[in-house]
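Based on the sequences and whatever the hints tell you, model everything.
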Amino acid sequence: MAMSEPLGRAGNIERKEPYIGPGETYESITNNISDIVLVHPKDTPRGWIFGFAIAVLVLFIFLYAITDLLIRGVGVWGINIPVAWGFDIINFVWWIGIGHAGTLISAILLLFAQDWRNSINRFAEAMTLFAVACAGLFPILHLGRPWFFYWLAPYPNTFGMWPQFRSALTWDVFAISTYAFISLLFWLIGLIPDFAKMRDRSTHPVPKFFYGAASLGWRGSARHWNRYEIAYILLAGLSTPLVVSVHSIISLDFAISVVPGWNPTVFPPYFVAGAVFAGFAMVLLLMIPVRSLYGLQQYVTMKHIDNMAKIMLATGMIVVYGYLVELYIAFYSGAELELALVQNRLFGMYGWAFWALIFFNGVCIQPLWFPQVRRNLPALIVISICVSIGMWLERFVIIVGSLSTDFLPSSWAPFTPTFWDFLLYFGTFGLFFSGMLLFIRVMPMINIFEMQVLQYKEDMKREAEQQA
Amino acid sequence: MSATSSSLIETPPRPESELPALFAKVQTYGMIAAGLGLVLLLVAGFLTSWTEVWRGYLIAYFFWFGLSMGSLGIVFLYHLAGGRWGFIVRRPMEAGAVALVAMLVMFLPIVGLVLTSNPAVYVWLDPAKIASDPIIAAKGWYLNPGAWSSRALFSLGVFIGFAFILRQSSLRQDSAPDGDFSLASRMRQLSGLGVLFYVVLMTMIAVDWAMSIEPHWFSAIYGVLFIVGQGLSVFAFIIVMVSVLVRFQPFAAIINKDRLDEYGKLMLAFVVLWAYVNYGQYIIIWSGNIHEFTPWYLNRLGEGWIVLSVFLMLFHFAVPFALLLSRLLKRNLRLLTLVAGWVLVVRLLEIFWLIAPDFVNSFGSPLIALIMTYIAAHILLGGVWFMAFGWVLQRQPVLAANDLRNDPRAMKGQVAHA
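Going down the list, the sequences are from chains A and B.
In terms of numbering that gives the first Met the number 0, the first sequence is residues 0 to 467.
In terms of numbering that gives the first Met the number 0, the second sequence is residues 0 to 417.
Please keep in mind that the hints were generated in silico from the structure rather than gathered at the bench.
In this text, all values refer to a predicted model and were calculated from it rather than measured experimentally.
Please note that a few of the clues may not be correct.
As the list claims (entries may be wrong) - Quick list of the computed label-pair ranges, beta carbon to beta carbon:
1. B/48 / A/153: 55 to 61 Å
2. B/139 / A/159: 56 to 62 Å
3. B/83 / A/168: 45 to 51 Å
4. A/139 / B/325: 37 to 43 Å
5. A/358 / B/139: 31 to 37 Å
6. B/307 / A/153: 32 to 38 Å
7. A/56 / B/83: 48 to 54 Å
8. A/236 / B/341: 20 to 26 Å
9. A/236 / B/23: 40 to 46 Å
10. A/236 / B/285: 24 to 30 Å
11. B/130 / A/168: 45 to 51 Å
12. A/55 / B/164: 53 to 59 Å
Stated by the list, open to error - Partial list, derived from the structure: chain A residues whose beta carbon lies under 7 Å from chain B:
13. 257
14. 262
15. 267
16. 332
Quick reminder that beta carbons are idealized off the backbone N, C-alpha and C, glycines included.
Below you can see the structure in the form of structure tokens.
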């Protein structure tokens, strides 16, 4: 497979470049995508089995780390006073950010009639769900007594207890559970017509039964489609504010406190952009190998990859703007504390992390200005890895950098993560990848009927051109 | 659906040949308004004081400057992202961006004011304040007449440069055989660079021209507030403009309900974005409750200003938001134009709310005087803006002929066959 595909005469400016490879028909789309799922278990690709085995192994490491945490308590982590939020909250923000690309692709791009989303939305939504699952565990584990996590919900009880609605932790509970619920609903509703297709194409009674149950009696009648379209667009409308609200609330976890460096007013939009940035890096990181492993280059074309890289560049530049404007305003303010904060961030105990994040998030994405780089798969993988590291470091700088040097110099202390901090973080990849790999194996990872809609539009366009 | 029933207007469209006369009218009325505004501003100056004239003038300037900046932003956006909605307004937006030249001229008085160290608008020019206030003194390296003026003129120069180059390339493309791909590609690259300059320099302008009026206060999102406001103003303006242009060919043939729906959606997006960035700033400052940040909101939530603040929450956000959710409304030319016109009106109030309370509460401007000069300055600056806009529009074809993304001939054909 060619690692980078040549640009046409018009580079990428011409809209003529289709979002679906040449020579596809409705039938070939259905066959190619559903065959990945309906293949007999003993013909499962070796690569998948190998990947899944590793993912499950890491999942067990995750369970081991959690078990140890439950037995011995959060003291196994490196957190202490003043750095009471360590890897747990960094990982929480990092994972939830990764999910945001899925919602952006599925909801916002749908509302703005960007047809290219059709090929990648389901995959990205699945990513959202598993990323939210990974993210949601961290604040719960951080509670100290995670088994009482339901105390955060406002439910009638005999203790006379009620959640503190001024606490950002309570806002998180609502923001994230709503986000997870709506994302799940959106994803499942989008799957119904394809589940029906799987039901009709399965030859074995067991998958037929399960796909049949999941397709909720879908028969593809005009009335079904009408209801489906209405439900789908309504859910897109509901999901759109969630893309913004979830990470804005998370930014407020920081911003409503007065820890130095936690309350710039630019935080909400800057966090949202950072989330989408990290999310697109992860989509590229996963989609590039998956599309070549399963031969999906016809459906996830270079034009898709190019578009995703552009969104990554745009959101990355917004994040860079956030870094710069914080420094600029601090210098402009002339306020002693602001200047001390800048001094600390740039040259303090964790100055290395700040410069590393500028390198990973700011410098590494600059090659994306060039179309040749946006269509070069190895380069994109390297850049996406850089962005993932950079976005993790960003949260490290904000959380650990600020907490370790708060307003009271006598309480300043560094943060030293322990083995268990790393192990738990590493373990979440097991949860994430086992989920993703199972999804790829049992559900059509590309929306079949939406690809057919795309094919229809391409056919119409071609016809119109021929007439002209 | 037949071609006539998809048309947005009841009367048959007027021919393209009448458009230059329309633009000439815009220019003439603009000139009359500018003259009238100048007289009114002078009268207001005699009635109140010259300090109030400068203050009202600066606040009004932000709106008209913002309209040009918004137009430039749309031109950048179009070259980067395409879209039929952008193709339709491409030429008027290029004209709006080039009107920055007139805005530069109208800014020179303020530059003169700063260079002569007249502290009518900027208190950091007052030697007594510099001597008595250590924070203002500490900012001297940044807030001084020379540095401030160079930054302002540099930024305006850069914006004008982009506006001119993009307009020239666009006009060249009209006569280039087959659209000349290299020109389109170059405009695209320039626009990428332009967006960077736009965001960075506009942030600096917001800090320099507006935030420094109250030199003790600072907020990191301030530049974004201005950029979002410019976006909202320009989309509202586009809708109002389109409601006029649609009565003429060739616009009547290419503006349909789908395009209206797109403009409506984009305006809705900016209505929400405006509320989002403002609410974000408010909640962070409110919950932090730090004395460095709260005065800005205290100025806007006390003594009468609270009425305007709540009004803006309701009528700059809630009502337009609720209305624009409706798909029926977004596809109805008259209703959408009404909402857009309303948005333009509240934009004028919002800009006043953004800056005037500091003059009134911190620097003793009488509110009535400031309102008078603000209105007069709007008539003057608006007149100048429309004069420049009309002048440029007369001197260029109304649609880009060889646009590679959206072939105008094909678009017309599509409407006719629809």
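Checked hints:
1. For the pair residue 48 of chain B and residue 153 of chain A, the supplied restraint of 55 to 61 Å holds, since their beta-carbon distance comes to about 57 Å.
2. For residue 139 of chain B paired with residue 159 of chain A, a C-beta distance near 58 Å keeps the hint of 56 to 62 Å intact.
3. With their beta carbons about 46 Å apart, residue 83 of chain B and residue 168 of chain A fall inside the hinted range of 45 to 51 Å.
4. Look at residue 139 of chain A against residue 325 of chain B: about 41 Å separates their beta carbons, and that is inside 37 to 43 Å.
5. A hinted range of 31 to 37 Å for the beta carbons of residue 358 of chain A and residue 139 of chain B is consistent with their spacing of about 34 Å.
6. Take residue 307 of chain B and residue 153 of chain A: their Cβ atoms lie about 36 Å apart, and the range 32 to 38 Å holds.
7. Look at residue 56 of chain A against residue 83 of chain B: about 52 Å separates their beta carbons, and that is inside 48 to 54 Å.
8. Between residue 236 of chain A and residue 341 of chain B the C-beta distance comes to about 23 Å, which sits within the given range of 20 to 26 Å.
9. Distance hint for residue 236 of chain A and residue 23 of chain B: a CB-CB separation of about 44 Å, consistent with the stated range 40 to 46 Å.
10. The supplied range of 24 to 30 Å is met by residue 236 of chain A and residue 285 of chain B, whose beta-carbon atoms lie about 29 Å from each other.
11. For residue 130 of chain B and residue 168 of chain A, the hinted distance range of 45 to 51 Å is satisfied, since their beta carbons lie about 48 Å from each other.
12. The hinted window of 53 to 59 Å between residue 55 of chain A and residue 164 of chain B holds, with their beta carbons roughly 58 Å apart.
13. The restraint placing residue 257 of chain A at the interface with chain B holds, with a minimum CB-CB distance near 5 Å, inside the 7 Å limit.
14. Hint status for residue 262 of chain A: holds, given a least beta-carbon distance of 5 Å to chain B, under 7 Å.
15. The restraint placing residue 267 of chain A at the interface with chain B holds, with a minimum CB-CB distance near 4 Å, inside the 7 Å limit.
16. Residue-level restraint check for residue 332 of chain A holds (minimum Cβ-Cβ distance to chain B is 4 Å; threshold 7 Å).
Comparing the model with each earlier hint shows no violations; every hint is respected.
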